[in-house]
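Trainee: Residue-level listing of the chains:
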Amino acid sequence: MAMTLPKIYIFFFVVMISFSACENFFETTIELDPPPYEKQIVLETIAKAGDKDLYFTVSHNNGILSNYDDGYALEDAKVEVEVNGKKYIGESYFGTAQLNNFIVHLDTELLPNDKVTISASHPDYPTASSTEFIPQVAMIESVVFYENGGLDQDGNQTSKVQIKFKDPKGRNFYLASLKQVRLSYDYNVDLSGVDPSLSNSFDYTSILIDDTSFDGQEKLLDLQMYTMSKEEAQGTLFLTWTQIPESFYKYSKSRKQYEDRDDNPFSSPVTIFDNIDNGLGFFGVMNENILEVQ
Amino acid sequence: MNVKIYTLFLLMWMPFLLSSQKYTISGYVEDGASGEKLIGANVFHPNSNYGTTTNTYGYFSLTLDQAGSSTLVFSYIGYQNEEVVIDGLANKVMNIKLTASNTLETIEVTAESSKRIENQTQMSVVDIPIKQIQRIPALMGEVDVLKALQLLPGVQSGGEGQNGLYVRGGSPDQNLILLDGVPVYNASHLFGFFSVFNADAIKDVRLIKGGFPARYGGRLSSVIDINLKEGNLNEFHGDLSVGLISSKLTLEGPISKGKTSFLVSGRRTYIDILTRPIIKKSFEDENTEGGAGYYFYDLNAKVNHKFSDRDRMYLSVYTGDDVFYFDQKDKDNQEIIDFTENKLAWGNITGALRWNHILNEKLFANTTITYSNYKLDTKANFGTTYKSSNDEDIIRLQYISGIKDWAAKFDLDYVPNPNHFIKTGVNIILHTFNPGTFNLEQTITSENYHFESVVGQDIKNASELALYAEDDFLVTKQLKLNTGIHLSGFAVDKKFYTSIQPRISMNWNPNKNWAFKASYATMRQYINLLAFEGAGLPTDLWLPTTERIKPQDSWQVAVGAGKTLSNSMELSVEAYYKNMTNLISYKDGAGVFELTDWQDRITQGNGKSYGLEVFLQKKKGKFSGWLGYTLSWTKRQFDEINNGKEFPYRYDRRHDISLVGSYDISKKINLAATWVFGTGNAVTLSNSKYRAFTNLNPDYNYFTTLETYSDKNGYRMRPYHRLDVGINFVKKKPNRERTWSVGAYNTYGNKNPFYVYFDYDYETDKQVLKQISLFPFIPYVTYSLKF
Numbered sequence: 000m001a002m003t004l005p006k007i008y009i010f011f012f013v014v015m016i017s018f019s020a021c022e023n024f025f026e027t028t029i030e031l032d033p034p035p036y037e038k039q040i041v042l043e044t045i046a047k048a049g050d051k052d053l054y055f056t057v058s059h060n061n062g063i064l065s066n067y068d069d070g071y072a073l074e075d076a077k078v079e080v081e082v083n084g085k086k087y088i089g090e091s092y093f094g095t096a097q098l099n100n101f102i103v104h105l106d107t108e109l110l111p112n113d114k115v116t117i118s119a120s121h122p123d124y125p126t127a128s129s130t131e132f133i134p135q136v137a138m139i140e141s142v143v144f145y146e147n148g149g150l151d152q153d154g155n156q157t158s159k160v161q162i163k164f165k166d167p168k169g170r171n172f173y174l175a176s177l178k179q180v181r182l183s184y185d186y187n188v189d190l191s192g193v194d195p196s197l198s199n200s201f202d203y204t205s206i207l208i209d210d211t212s213f214d215g216q217e218k219l220l221d222l223q224m225y226t227m228s229k230e231e232a233q234g235t236l237f238l239t240w241t242q243i244p245e246s247f248y249k250y251s252k253s254r255k256q257y258e259d260r261d262d263n264p265f266s267s268p269v270t271i272f273d274n275i276d277n278g279l280g281f282f283g284v285m286n287e288n289i290l291e292v293q
Numbered sequence: 000m001n002v003k004i005y006t007l008f009l010l011m012w013m014p015f016l017l018s019s020q021k022y023t024i025s026g027y028v029e030d031g032a033s034g035e036k037l038i039g040a041n042v043f044h045p046n047s048n049y050g051t052t053t054n055t056y057g058y059f060s061l062t063l064d065q066a067g068s069s070t071l072v073f074s075y076i077g078y079q080n081e082e083v084v085i086d087g088l089a090n091k092v093m094n095i096k097l098t099a100s101n102t103l104e105t106i107e108v109t110a111e112s113s114k115r116i117e118n119q120t121q122m123s124v125v126d127i128p129i130k131q132i133q134r135i136p137a138l139m140g141e142v143d144v145l146k147a148l149q150l151l152p153g154v155q156s157g158g159e160g161q162n163g164l165y166v167r168g169g170s171p172d173q174n175l176i177l178l179d180g181v182p183v184y185n186a187s188h189l190f191g192f193f194s195v196f197n198a199d200a201i202k203d204v205r206l207i208k209g210g211f212p213a214r215y216g217g218r219l220s221s222v223i224d225i226n227l228k229e230g231n232l233n234e235f236h237g238d239l240s241v242g243l244i245s246s247k248l249t250l251e252g253p254i255s256k257g258k259t260s261f262l263v264s265g266r267r268t269y270i271d272i273l274t275r276p277i278i279k280k281s282f283e284d285e286n287t288e289g290g291a292g293y294y295f296y297d298l299n300a301k302v303n304h305k306f307s308d309r310d311r312m313y314l315s316v317y318t319g320d321d322v323f324y325f326d327q328k329d330k331d332n333q334e335i336i337d338f339t340e341n342k343l344a345w346g347n348i349t350g351a352l353r354w355n356h357i358l359n360e361k362l363f364a365n366t367t368i369t370y371s372n373y374k375l376d377t378k379a380n381f382g383t384t385y386k387s388s389n390d391e392d393i394i395r396l397q398y399i400s401g402i403k404d405w406a407a408k409f410d411l412d413y414v415p416n417p418n419h420f421i422k423t424g425v426n427i428i429l430h431t432f433n434p435g436t437f438n439l440e441q442t443i444t445s446e447n448y449h450f451e452s453v454v455g456q457d458i459k460n461a462s463e464l465a466l467y468a469e470d471d472f473l474v475t476k477q478l479k480l481n482t483g484i485h486l487s488g489f490a491v492d493k494k495f496y497t498s499i500q501p502r503i504s505m506n507w508n509p510n511k512n513w514a515f516k517a518s519y520a521t522m523r524q525y526i527n528l529l530a531f532e533g534a535g536l537p538t539d540l541w542l543p544t545t546e547r548i549k550p551q552d553s554w555q556v557a558v559g560a561g562k563t564l565s566n567s568m569e570l571s572v573e574a575y576y577k578n579m580t581n582l583i584s585y586k587d588g589a590g591v592f593e594l595t596d597w598q599d600r601i602t603q604g605n606g607k608s609y610g611l612e613v614f615l616q617k618k619k620g621k622f623s624g625w626l627g628y629t630l631s632w633t634k635r636q637f638d639e640i641n642n643g644k645e646f647p648y649r650y651d652r653r654h655d656i657s658l659v660g661s662y663d664i665s666k667k668i669n670l671a672a673t674w675v676f677g678t679g680n681a682v683t684l685s686n687s688k689y690r691a692f693t694n695l696n697p698d699y700n701y702f703t704t705l706e707t708y709s710d711k712n713g714y715r716m717r718p719y720h721r722l723d724v725g726i727n728f729v730k731k732k733p734n735r736e737r738t739w740s741v742g743a744y745n746t747y748g749n750k751n752p753f754y755v756y757f758d759y760d761y762e763t764d765k766q767v768l769k770q771i772s773l774f775p776f777i778p779y780v781t782y783s784l785k786f
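Heads up: the protein sequence lines correspond to chains A and B, in order.
With numbering that gives the first Met the number 0 as the guide, the letters of the first sequence map in order to residues 0 to 293.
With numbering that gives the first Met the number 0 as the guide, the letters of the second sequence map in order to residues 0 to 786.
I should point out that these hints are in silico values taken from the structure, not numbers from a laboratory.
From a predicted model like this one, the values you see are computed outputs, not experimental measurements.
Beta carbons are placed, not taken as given, at the ideal position from N, Cα and C, and that holds for glycine.
Just to be clear, a hint being listed does not mean it is correct.
[Stated by the list, open to error] Example chain A residues on the side facing chain B (calculated, C-beta under 7 angstroms, incomplete):
1. Phe25
2. Val41
3. Asp123
Make the full structure from the sequences, and use the hints.
Mentor: So, in C-alpha cells, the structure goes:
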C-alpha cells in the first residue's frame, strides 16, 4: 500500500482545511434571461363606510429584472366607480413619482350593503375591475388596557388590550389596530396575540380575526403590545375595530404569507389573493369603529 | 377485456395441481453464529436446475422430483456456500446455518443461482446489503438507510440533505415504508435531514419501485421493506457508536439460548445537552430564567421466540420523537410571574406481533397484528400568576394532528412444486385520522372568566381491506411469470370504494446470459399526505379519501433487460411509464394552520412519469458498488393550479447519476466514496413586479414591490453534484471490534442549489437571481465498538 496511515490522516486534514476556508459559499448570483410576463393594470383602493371621496392608485407591472428606474406610472388611464348602479368618473389627484393617483367624488357617503364596482382602463391593457359590498359595523362591549399582558410567542414581556364583544352568528372577519395619540404625533402600535383566531396582517400593526372558534359567542380577546405603563396608556390609546369581508381577510392573510416566504426555504411560492378581474392589486372595503381604550 | 385477464390468471395457476412423485425440502436458512434468519438466501438444486429463495422470515420450501441422492447448495451474499446432500426420496425439514465470510470477495457461487438477475421474475427491485449502506459516507456521519436508497436509479432525493424519496415521479407519501411489516408514516427527523431508521438495528432493506407483487398495496410508487434484526440467539453482543450529533447503542442476545432472543437499540442526539448551559445562560437575567433545545431519539426493541421448529413469534416495537422546547419564566421572587411554556413534538410509535407457523412443508403461514401511530403535538401555555391574590391569567393552546392504525394481516406461502410459489393473504386496517385540531383554554380568575373551545377538523375513522393472491410461476425453462391480483376496499363516512388491481411480471430467458423482463401493475392509494413541496415537515397532514376526495390511482408498465456480466457484476436496464390520477395538492395560497375544512384547501389532479434506468452493480469482491443512471420526465396537471396547464413536477430530473464505490484497501481499512449528479430541481420564479400599499391604512401613501409568478416550476435550478468520501479503520481484537470512520460530505465544496430568490444588487443597480447553498464541505468522524 503506497499511502501509509498517518499520510491518509494528513491528506484528509489538509483537504478539510482547504475547503473549510471557502468564503461566501452560501450565496451565489445566477445569470438569467428575463422571463416572459403578461402586462396588466394594477388598481388599488380602500373604501370605508362613511367615505365620500375614494382615492385610487393606478399603475402597471414590470418585468422582474427591471430596474428601479423603470417607472410604474400608467399615463392616460381612466378610472370609473359605480355605487348601487350610479357611475362616477375619476379625476387625477396627486402624482407620486411612479404611480398615477385618482380621486372619485361621490354624491353621498358610502353605507353598509352598498354595492361598489371600480374599474381602470387603458388602451394598451385589459380593463381591470372589481365589485365589493360595504360591510356592517361591528359592535364592541368594552376595551380595557392591562399593564401586564403576559409573555408573547417569543417570550417577550407585553402589555395588552382586552376586547369584550358578542360575535354575531355566521362567518365574520375583523381587523383590529391600535393607535396611540400624543400631542406631537400619532402612531400605530404593533399588535400580536396567542389566540389561534388571531393572525398578523401583512402590515404587522393590524391583527386579523376569524370568528370560527367563537362563532356567535361572547368573546374576551387579548391583543398584546409592547410594555406600556398605565399612565402612558391613559387616554392615549384608541382601538380601531373594523368589520371586513372575506376577500379582505384572504388578501391580508395571503400577503402576510407572501411576506413571510423569504424566511422559509421550504415554502412554495405564494400567489397573493386579488379581487381585481383582468388585473392586479386589491379593492378593500371596510366598516370601522374607533373606541377609546379604558 | 377484464374477463380475459382474470381467466388468464386462473389458467396460469392451474398446472400446479398436476403433480408426479415428488418430495419437499423445507426449513430455515440462518446465520450460523447469531441464528438470525437470512432473507432472500438462495437454495439451488444443480441436478434439476431448480431453485428458490427464502422468504421474509428466512423460510424456504423446494419440491423436487424423486431422483435419488443429490446436493442442495445454499448461498447468500457475505456468507460461505453450504452444500447439503439429500437422499432425494422423502420430505425433509432442515435448518441451514451459513457461516459469514470475513469479506465479500470470498463468495463463489458455483452453481446457477436463483438470485441472479436473469432468473428473478420480479423487476424494479433492489436489495442493498445493510453492511454496504453502513459503509456509504454520510452527512455528519449519520448512516441513513433512506439516503442510501436515493442513490439508486429511479429514486430521486428532494432538496439538499433531505431524505424524502421520489420514486419514478411519485411523491414521498406514495412510498409504503414498512418497518417489520408496519407502515411508518413519518420517516424523518429534523425536518427531513435524517431518517428515523437506526441502521444498527436493521437487518435487511428492499426497495420495489414497479412491477409490484400482488401482496403489496396501498401506495402508488414504491415499497420500502425494512426488517429489523431479530437478536442473537446464541451470544450476547453489543454495538456502541459515537458520532458528532448522536450516539447509538445496540444490545442483543439470548434470553433462552437457541430459543428466545432480544434486541434493543437506541439513538439520541445531544446537541441540546451540549448547548444547554450556554442557552440557559442566554435566557437568564436577574428577573427571568428559561431554556430551549431540540433533540430526537429512536428506540427499537424486538423479542423473538422459537416455540418449536414449526412456530416462531416476534414482537417488535419502535418509538421515536423529535422534540423542540422553549420555556421562559419570571423568577419566583416577584409579585407578578409571567411564563410561557412551548413544546413541539412529533413522532411515531409502531408495534408488530408476528406468528410464523409452518402448516406443512409446503405451506407457511404468517399472522401479524400491527399498530402504528404518528402524532404531531404542539403545546403552548402563556400566563401570568399574581402571588398576593393567587389570581391567574392563562391561555393554553394545543394543536394535534396525526394518524393511527390498527391492522391485522394473514399471509400464506404455498410452494406446491418448483414451478409455483403462491402467496395469498388478507389485510385489514382500521385508520383514525386527525387532520388537525386546536384546543384553546383561557382562564382569567379575576374576571371569573373561563373559555374553552375545540376547533379544527373532525377526526375521521376509516377501514381498509385488502385481499391478494399471486403466483411466481415457471411456465417453461425460459419463461417465468409472476401474476396476481390485489383487491382492496376502503370504507369512509358512508362511502365504500373498491378496487381490482391486476399485477403481472414476466421474465424471458432466451439464453443463459440475458433476461428480458416486462411488468404491469395498477395501484390504488386511499390515504394522502397533504404536504408543501420541499421537505418532510411535521405539519404535513395524513388525510383519508372521503366522499369528496377520491382515491389516488396509478398504472405502470415497465420493460427491461438484465445480464450477469461476470460472477460479481450485474447490469439491468429498464424503461417505465407511470400514470397517476387524483393526486392531491394545496390550492395556491392555502395554509396549514387554517380553521377552514381541509377539503376546501386542496385540489386533485393527475401526473405522469416516464424514463429509462440503468443499473450496473458489483456485489462482491474487494471493490463493490454501483453505477446508477436515470433519464426521466415527470409532470403534473391540476385544473386549479397553473391555470390548468401541465407543469413539470418539482423533482422532475432529466438526468440523475449515482456512483457508489467501496474498496477494501486491506482487512483493516476500507475506502468508500459516492458521487451524485442531478439535473436541477424545477422551481417557480417570479416573472413580474408591481407596486402596492405597504399597509391597510389608505391615509399612508407608501408603496412596496410585490411579485407575480411565471408558469409553475418553469425554471431549472443549477445541476446538483457532490462527492462524499469516507475511510473506515477497523481494528479487531478478541471479543471486540472497533471502527473509526472519518470522511467528508461534499468533498470538493460544490455550491449546490438549495433555493433561489430575486434580490436587488445595489452595486450593479440590477435585479438579480441569487442562489442559496446549504452544505459546504462537512467533515465527520464517528467511533463504533462492537462487542
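Trainee: Holds or violated: Phe25 (chain A) as interface residue toward chain B, Cβ cutoff 7 angstroms?
Mentor: With a closest approach of 5 angstroms, the Phe25 (chain A) hint holds.
Trainee: Given Asp123 (chain A) was flagged as interface, is its beta-carbon under 7 angstroms from a beta-carbon of chain B?
Mentor: violated (15 angstroms)
Trainee: Quick check on the hint: Val41 (chain A) CB to chain B CB, less than 7 angstroms?
Mentor: For Val41 (chain A), the interface hint holds, since the closest Cβ of chain B sits about 4 angstroms away, which is under 7 angstroms.
Violated hint for the displayed structure: number 3, the only one.
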